[in-house]
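These protein sequences, in sequence, are chains S and R.
Anchor point for the first sequence: position 140 equals 140 in my numbering, and the numbering is continuous, going up by one each time.
Anchor point for the second sequence: position 213 equals 213 in my numbering, and the numbering is continuous, going up by one each time.
Simulated from the structure, these hints should not be mistaken for lab results.
From a predicted model like this one, the values you see are computed outputs, not experimental measurements.
Heads up, some of the hints might be wrong.
Stated by the list, open to error - SDA-like, lysine to any residue: derived pairs with alpha carbons at most 20 Å apart:
no.: 1; chain 1: S; residue 1: Lys100; chain 2: R; residue 2: Ser372
no.: 2; chain 1: S; residue 1: Lys110; chain 2: R; residue 2: Asp361
no.: 3; chain 1: S; residue 1: Lys110; chain 2: R; residue 2: Lys69
no.: 4; chain 1: R; residue 1: Lys364; chain 2: S; residue 2: Thr140
no.: 5; chain 1: R; residue 1: Lys69; chain 2: R; residue 2: Trp373
no.: 6; chain 1: S; residue 1: Lys100; chain 2: R; residue 2: Lys69
no.: 7; chain 1: R; residue 1: Lys364; chain 2: S; residue 2: Pro242
no.: 8; chain 1: S; residue 1: Lys110; chain 2: R; residue 2: Ile156
no.: 9; chain 1: S; residue 1: Lys110; chain 2: R; residue 2: Phe363
no.: 10; chain 1: R; residue 1: Lys364; chain 2: S; residue 2: Ala108
no.: 11; chain 1: S; residue 1: Lys100; chain 2: R; residue 2: Pro357
no.: 12; chain 1: S; residue 1: Lys110; chain 2: R; residue 2: Asn157
no.: 13; chain 1: R; residue 1: Lys339; chain 2: R; residue 2: Ala82
no.: 14; chain 1: S; residue 1: Lys100; chain 2: R; residue 2: Gln349
no.: 15; chain 1: S; residue 1: Lys110; chain 2: R; residue 2: Ser335
no.: 16; chain 1: R; residue 1: Lys339; chain 2: R; residue 2: Asp135
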Amino acid sequence: MTTMTFGRAITAGLRRAMDDDPRVILMGEDIGKLGGVFRITDGLQKDFGPHRVLDSPLAEAGIMGTAVGMAYRGYRPVVEIQFDGFIYPAFDQIVCQVAKLHYRTQGAVKMPITIRVPFGGGIGSPEHHSESPEAYFTHTSGLRVVSVSNPQDAYTMIQQAIACDDPVLYFEPKRRYHVKGEVDEAADPASSDLGAARVVTAGSDVTLVTYGPLVSTARDAAIAASDDGISIEVIDLRSLAPIDFATVEASVRKTGRLVITHEAAQSGGLGAEIAASITERCFDYLEHAPVRVTGFDIPYPYSKLEFHHLPDLDRILDGVDRVMRRPNSLSGLDGAPTSEGAAL
Amino acid sequence: MTQEGSLPRSGRTEAVGGTAEQASGTVHPGPSRPGADELVQLIDHHGVRHPHGHYDGLVADVDGPALQKLYEDMVVVRRIDAEATALQRQGELALWPPLLGQEAAQIGSGRALRSDDFVFSSYRENAVAYCRGVDLADILRVWRGNASSGWDPYTINMATPQVIIGAQTLHATGYAMGIINDGADAVAVAYFGDGATSQGDVNEAMVFAASYQAPVVFFCQNNHWAISEPVGLQAHVPIARRAPGFGIPSVRVDGNDVLACLAVTREALARARSGGGPTFIEAVTYRMGPHTTADDPTRYRDANELEDWAARDPLARLATLLDSLGLLEADYTDSVKAKADAVAAELRQGCLSMPEPAPSDVFKHVYSTPNSWLDRQQDHYERYLASFSQAPQEGSR
Chain S
1 MTTMTFGRAI
11 TAGLRRAMDD
21 DPRVILMGED
31 IGKLGGVFRI
41 TDGLQKDFGP
51 HRVLDSPLAE
61 AGIMGTAVGM
71 AYRGYRPVVE
81 IQFDGFIYPA
91 FDQIVCQVAK
101 LHYRTQGAVK
111 MPITIRVPFG
121 GGIGSPEHHS
131 ESPEAYFTHT
141 SGLRVVSVSN
151 PQDAYTMIQQ
161 AIACDDPVLY
171 FEPKRRYHVK
181 GEVDEAADPA
191 SSDLGAARVV
201 TAGSDVTLVT
211 YGPLVSTARD
221 AAIAASDDGI
231 SIEVIDLRSL
241 APIDFATVEA
251 SVRKTGRLVI
261 THEAAQSGGL
271 GAEIAASITE
281 RCFDYLEHAP
291 VRVTGFDIPY
301 PYSKLEFHHL
311 PDLDRILDGV
321 DRVMRRPNSL
331 SGLDGAPTSE
341 GAAL
Chain R
1 MTQEGSLPRS
11 GRTEAVGGTA
21 EQASGTVHPG
31 PSRPGADELV
41 QLIDHHGVRH
51 PHGHYDGLVA
61 DVDGPALQKL
71 YEDMVVVRRI
81 DAEATALQRQ
91 GELALWPPLL
101 GQEAAQIGSG
111 RALRSDDFVF
121 SSYRENAVAY
131 CRGVDLADIL
141 RVWRGNASSG
151 WDPYTINMAT
161 PQVIIGAQTL
171 HATGYAMGII
181 NDGADAVAVA
191 YFGDGATSQG
201 DVNEAMVFAA
211 SYQAPVVFFC
221 QNNHWAISEP
231 VGLQAHVPIA
241 RRAPGFGIPS
251 VRVDGNDVLA
261 CLAVTREALA
271 RARSGGGPTF
281 IEAVTYRMGP
291 HTTADDPTRY
301 RDANELEDWA
311 ARDPLARLAT
321 LLDSLGLLEA
331 DYTDSVKAKA
341 DAVAAELRQG
351 CLSMPEPAPS
361 DVFKHVYSTP
371 NSWLDRQQDH
381 YERYLASFSQ
391 APQEGSR
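Isolated chain R (complex conformation) (with noise of 0.2 Å):
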């Protein structure tokens, strides 16, 4: 297809709700700076097309089928997120944490990323997981408890998935700070919520990549919630005026919108390899599900405030985009479902013939170089497990 120039366009312009004083229900006064707390944002929520100055150069390349495979992607893990959500409420995984509603944050900036580039990420992040490769299985295998991460951080570039709120961005930041020493022009990329803005180590992440001008990417995704928290708790201001302070550049923008998104991260890649220092992006989006299965939001948030947000769902708007564009025919649409049902069934096989670690695994890792005081308790408890088999079947004790 279809040049960049053949998408249509509207003039118009729209405000995309989702700044920190709505979500909590209150206004709070703040320092006024127009025009910093605007979204950039490329499709609206009507899948409509907007022209855009800067950024459209950014995704000049993207054409109908480069749309076509974003809606695809998010078509997918939206699948997988569904997927695994059943296999929590059929028993075969003790939790799960939905991504319903982040497709558009999570596929536009993991498809920028290059190969090379790594990712340090909360754990809902299994759609830039998806997009850096990983095993289907493998975003399950924490959940059914049968190892305590999925994938070898070295294999698709991503550091398994980090449960401390926040303390990522340090990790990503001393990355990047070695992709520094080592004259490379790799990215790290810290991914994180909006509560984890309120953390020290995310602050103190900004400061050491400020001061060492780390080539480091700060993708907040601002879900609007922080478990039942409300991001009004959090922050008084949109949380991308934060890291002007520290020195480092920031974006926010519409995080429902995959196309704004795939165009910001590149931006913000750019300027790290260029030698251009940390960027901060705040993808302002929404959490459609619970923090986790184990949640429950109809006690702490308001049905009006779902409906809205649903409104603006990342997967209809593109999909209308496409239909305007005459790419969204019924082979097309039908392969992306062949696709998400093939990777569902996968996901699912994949999860129920997991094998079962064995009782020696517990003791497994803890070390790289022997440690006399395990291979003790170790040997006492394979001790202890070998009495059951030489015991009598039935009787004493």
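Looking at chain S on its own, in the form it has when it is part of the complex (with noise of 0.2 Å):
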């Protein structure tokens, strides 16, 4: 075991994937000399050379479509979008190309490339780097999403990335780069599914799901709800597309109420399909209507009011009251539930 941190640990995953595979491809804007804004390609082109770690112009959709090439020549790439909000202009490749050329070819062509997304708030930036853009891409079909939470997944799940012969997009809390942990660079990427959600906390009265940079929130969260007698359940979802349904379910299943966080805007997020798709699966064993806690619908805001923004353990710990149905933020509110039970 080395303790590093979640941003060292991505570094480590990265080297030891370019180590393993001749193949493998990093591009990006400033990964080269500079070692990537959030320095996560540090000192890969010093040790791969620049045909191996390449500085690209400052073109996002030329980046993924010059990705989308070097994968039909037989390559997987890896790129790093400089910040969350400045993939849009790679959109199109990305849902167009790199999404369904698989699908278009019958399967002739593969499109293992790996995109690498800094996202969320939470650091004081300005506009357009703090943004939550998952859902865009989990409605996409051929695209695999994940988003990592601590640096052992960190390090374990790029590799993995990599490894996939389907493309995905690979999720890092920003937040969360510099938060250290124990890292097994023993561990065999192989030996573990990048599909699989974890479990975080186990619990008996609420199922807690969550991904990426609320994951430690939520665990949190878990700690102050156990002081009130409440046992909850947080499960690190990891896997954003395809979603991991079963651990959900069967935490649900056996706790009958659950709460989905997360900093994404609310209306068509992961929490709708999540919950949706739960309440499908789970509708007889569910006590009270699954409860998203989210960002609000609305532009990311500036940096003094982002806190506002992005939920915090009380706000996730208000959400696990309501589906308790103890007092809550929204207690007395005409057609809201409460601890009475009142038309939902």
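Please dock the two separately framed chains into a single complex, following the hints provided.
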């Protein structure tokens, strides 16, 4: 075991993938000498050369489109999008080309492209630097979407993403880059499933589903709730497309209550998908309608207000109180469920 | 035959139309760059072979039989086009994008390629696909609606046709970057139209190609119309002028002159193979038919314009040249016609005998690895379909 930061764990995973397979190529803006704006590729160009760590022109569609050509040629490109809000110029290449070429060619052309996206807020950045665009991509067939929350997963899952023959969007919560943790560098990435969710804390009263930047907040919420005698099972989805519904379903059948939390806006977000799917699968087991605790349906706010937008421990606990029918911020609101069990 | 020198050549030069300005009907003043906008032309529209100090050397091997083969190719692909159009009119294809008028640009460039070169095309390059050796029915598979693409790209080294305008230019450039990494001397070729040059992807492709000196050839067929938008709406100056701004050498060629298209493409390929980087070719041609069979060009373009371009027809001029060389005898033209008939029959047969896809095919190849969401949806849909065979034939519900 080695102690390293979340960011360093990604670097170590990239290095190992590049060591193992000469067809792995990194592409992106500023990833060479600078090592990326978050230094995730630090030292890799020096060690692997400019033909394997390509400093790209400042053009996201260009980076993504040339990665498609590289994949056509048999390479396994790892593309760095500098910030989440910069992914939109590459949207067409991702959803119309990267996602669909395997289907379009009846399986003849593989697109083993990993798209690394630093995402989410909480670091006081200006506009376009703190977005949560994952739902755009989970809605696109042909893509796999994952988000990592701790150094061990960061290390393992980047290797799994690169080894996967499908394109993978790899969302890195940027506010976690400097968090330290234990990493087993000898762990074999092939021994676990890229699509599997992880039960972070076991519990029996409420299932709390989240991913990426909010996993540690959810864990804190579980600890805080236990003081009130509420047992929360926290699930880190890890894979956002496909979602490991079997793990969520098993938990909800046990707890009967579901809270989903994410930073992204609520409408059309992953929380909606999870709530709907689990309701379809577990309706008879639910004691309360699933509750979402999410970012608001607003453009990402300026940094002095971002902590109002981002779900925190107390907002999550308020959601837990709602599914537990305990007094909560919506108690007494016309039409809202209350501790007395008013109409849903 | 016939050595290069034995082809008749007049010394005269003749302007060939087709600037961006003319197509829009408006002359847009632009920076003057004398000579740079001239078209490379070896066979004019009267079928007269003109000498060229530079490009003759690049087609010195094209003797009489080779010219006849180029003519045969053009006749055959025009016939493929006509047959596919007929199949669409007969309801056998949902749609067809005709290449009528662009045979020389596609055959001239397509026949310059080596088998290990890789083509990234738009949806109109059916003659290029023919040059790559595509199975004929595969050309129609998409348009009949039986598959999302007609062929395995690696069997003919040609990507399946791109519908998003200009997206393939980036793919070609990335592929060419891979060629550099592999230390190979193959070339990636991107085909696109004049309308595509307005897209960001095409411009970004040129940035990347120039920056990495990628072995890629940008082959722009300026056919003057992007559906109903004239080229003058895309470009105020000849399109070939754009590439030098990216640091990419460019050339304008008479796109209805198969020999000139062959020559300039060979030069561009040789440059790329020798480490000289990308080249931009603007082949000035004309789409004589509609954008697709769903289109009505009489709504947006003048009949006189079509007539002018019909007079510059790429097949007619080569036929005239061949005739002047005594290479258009009846036994030859009969054999060309027989070949075109056979190809058309094979195309039609291939279209009509295409097996219908199975319902479960809709779920195939979305991912190369198992996906639990999709597996569940497929399972549920198959159960739904199976329920029909279990249900009473008549009656309830």
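Hints the structure fails to honour: 3, 5, 6, 14, 15
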